[in-house]
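A.B. asks: Residue numbers (my numbering), protein chains in the order written: chain X, 209 to 478; chain L, 209 to 478; chain G, 209 to 478.
Honestly, the hints are just simulated from the structure, not real lab data.
Be a bit skeptical, because a hint or two may be false.
For identical chains, the list gives no copy identity; a pair is met inside one copy or between any two copies.
When the alpha-carbon atoms are kept at most 25 angstroms apart in a straight line, the in silico DMTMM-like pairs for lysine to aspartate or glutamate are as follows [what the hints assert, rightly or not]:
#1 K225 x E460
#2 K225 x D390
#3 K225 x E446
#4 K225 x E456
#5 K225 x E458
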Amino acid sequence: MRSLLFAGASRPDLVAKLDRAGADAAIVDLEDAVPVAGKNEARAALPELVASVARTPVLVRVNAATTEWFDADLDAVAELGEAVAGVVVSKVEAPGELESAAGRLGEGAVVIAGIESARGVAQVEALLEAGASACYFGAEDYIADLGGRRTAEGTEALYARSRVALAARLAGVAALDQVVTDFRDDGAFERDAAAGRDLGYRGKLCIHPAQVPIANRVFSASEEELARARGILAAWEEGTARGIAAVEFEGEMIDGPAIRMARDTIERAG
Amino acid sequence: MRSLLFAGASRPDLVAKLDRAGADAAIVDLEDAVPVAGKNEARAALPELVASVARTPVLVRVNAATTEWFDADLDAVAELGEAVAGVVVSKVEAPGELESAAGRLGEGAVVIAGIESARGVAQVEALLEAGASACYFGAEDYIADLGGRRTAEGTEALYARSRVALAARLAGVAALDQVVTDFRDDGAFERDAAAGRDLGYRGKLCIHPAQVPIANRVFSASEEELARARGILAAWEEGTARGIAAVEFEGEMIDGPAIRMARDTIERAG
Amino acid sequence: MRSLLFAGASRPDLVAKLDRAGADAAIVDLEDAVPVAGKNEARAALPELVASVARTPVLVRVNAATTEWFDADLDAVAELGEAVAGVVVSKVEAPGELESAAGRLGEGAVVIAGIESARGVAQVEALLEAGASACYFGAEDYIADLGGRRTAEGTEALYARSRVALAARLAGVAALDQVVTDFRDDGAFERDAAAGRDLGYRGKLCIHPAQVPIANRVFSASEEELARARGILAAWEEGTARGIAAVEFEGEMIDGPAIRMARDTIERAG
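Whenever a hint applies, use it, and build me the whole structure from the sequences.
C.D. replies: See below:
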């Protein structure tokens, strides 16, 4: 999942366009994108909304477990059965929330944990062991919770963003990277996506269709990266044949870690 | 508390000027600003020193619990009664130190925990649950303890500075940001204060009167920030009225987190 | 140990040159620098390899405890007795691995723990309490394990690199900094070494002789730093004599932390 594109459940016009963007997954949002007064109406519209997405796997983001809508949201997703790929639980702060979500959906349903609050980040290691199949880091909500401010560089979120990536690796689940709210600045999105990939993130939340192709590109290996990975493996194999494991490649010393990264790059490219 | 201005207890001349600076709080320091040979004399002078500050709430910073002066320092602060707003405990490394301080002072006294050592940062989550009403992060002492070096960018302290801000949020107490020792460089102070505010800090330790107005400005919402916050709320309310929760504002997608930040900005502006 | 220079145990030509580089320690590597097919041969050559290094203390890096070679590697190092200064354990992920290594070698043998995986970083605090005499942070392997990418700035590794430095301080052991694979770029190595020293690292792993003098220089106090440290102590002593503890020095406010850093600088310079 390199790209996951959001559309609010109170915006059937946007949901109907989700297929066009070419995202690896679509998220129909019952949480922040739906106003309080429209929560029940949006939930009731789910079957129709989900049916309007034909070619993209659909996930539904439900309101947080601390809200009055959580149970009804989960029930509505469960009733959709195999029409949805799974659920995204926002603002996860207790292991039981994920167990509850996983328990209500069928076997094989995806459960993505939203780590986007002080309590979520502080317990992320335990949370991700509790039945998540993936997680996302929500920098906007996390920094808002701390009373801070978001910047383009994102230094204020680096600690949490790094810690979530590590916790995801420990739990063996994919980490999905923070949104970029300034959806008109493609360069900012690309830089942020690249930084996310450097940290170990596997894909990115998108809030606008224009962000999807950038995420798909950044979270795939480029031709250049593939060529480099193949070159590294070839140099290493040639060295191994001569009994040498640490070889030089384009001015860098190549050994174990570089080999593992090169293999990972080629595997992800399929 | 946007600004807390230090003056050493062995410098009655500087203490007497504390009122002029316009800081939100004044700290009369018995710790690093007082030489070993002058500790008892400085402590004995506290009543007079505190009395010389008329318009600014006064806190007293006491020597660390591992020193021979800690108990006498706390007793001296306790005797000052309501003449002081509370105590700042330097180099906190065990929960009992804060409980001890809180227990000796009256109800309602402020206890600020100094997190400024390897052991302090490593236990900050537990320490701040032990009776602190606020905390500060001391980057100079922390990096000295690790045998590192301070830089203008502060990358070396980012992990600890971020972790302390998160722990403060979890404990529900205000986090106060590191000092800037180069007191002649207003620009460096302003950048450092802004970075602290981005991370969620609520105010800053000041070691020179010239730093106080900068801290007061950076840790208040600017007119521009207030106008933006009001604009965001207006756009959101207008969207809500039309049944839409995620709206566009100046090229950015505005939903839950942005609304929470805008409300926080307006609240802090009073 | 400001500089530790690697040579693969399957490269007797490089091992024989280790003395020339002027490193504080040499590491004969049985791990990533030796291909799988050559592991046993390289291990068998250890006595001869170690004997070829005359003037530099020698450490042997053994394969990780999860590999089939770990026990035989440790036995081979133990048999070398006082001909080696100790062992470097790669990819440490459980306290028993270090206890096992320390137990097999004689009293006084150095055991350096390699922290270079998700599990290693996540448990670094406990690992370093289990008998390590020092540790190194391996950014290449750590980021490869997370599926990320290494960059020149190293932002992707800052969280782990900072956390390892803190854990080392807590355990009272020296932290040794990450390698720089681009061995032709002296400037990159110097910047990376300086950043490591800022974080509290005491020395650096080197993969090429050209990196050694740079590491030795960066991890020693420069004449300028020594002069500054002496100036700070002099200003502070002069202030103390006048009953003042926080004094000005070259436009900065100098008190406890600056004094402690200055003393550390002078001590390290011997």
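A.B. asks: For every hint, state whether the structure bears it out.
C.D. replies: Hint by hint, here is what the structure shows:
1. K225 x E460: Classified as between; 20 angstroms across copies, 46 angstroms inside a copy.
2. K225 x D390: within (20 angstroms within a copy, 46 angstroms between copies)
3. K225 x E446: between (50 angstroms within a copy, 24 angstroms between copies)
4. K225 x E456: Between copies, since 18 angstroms is at most 25 angstroms while 49 angstroms is not.
5. K225 x E458: between (45 angstroms within a copy, 23 angstroms between copies)
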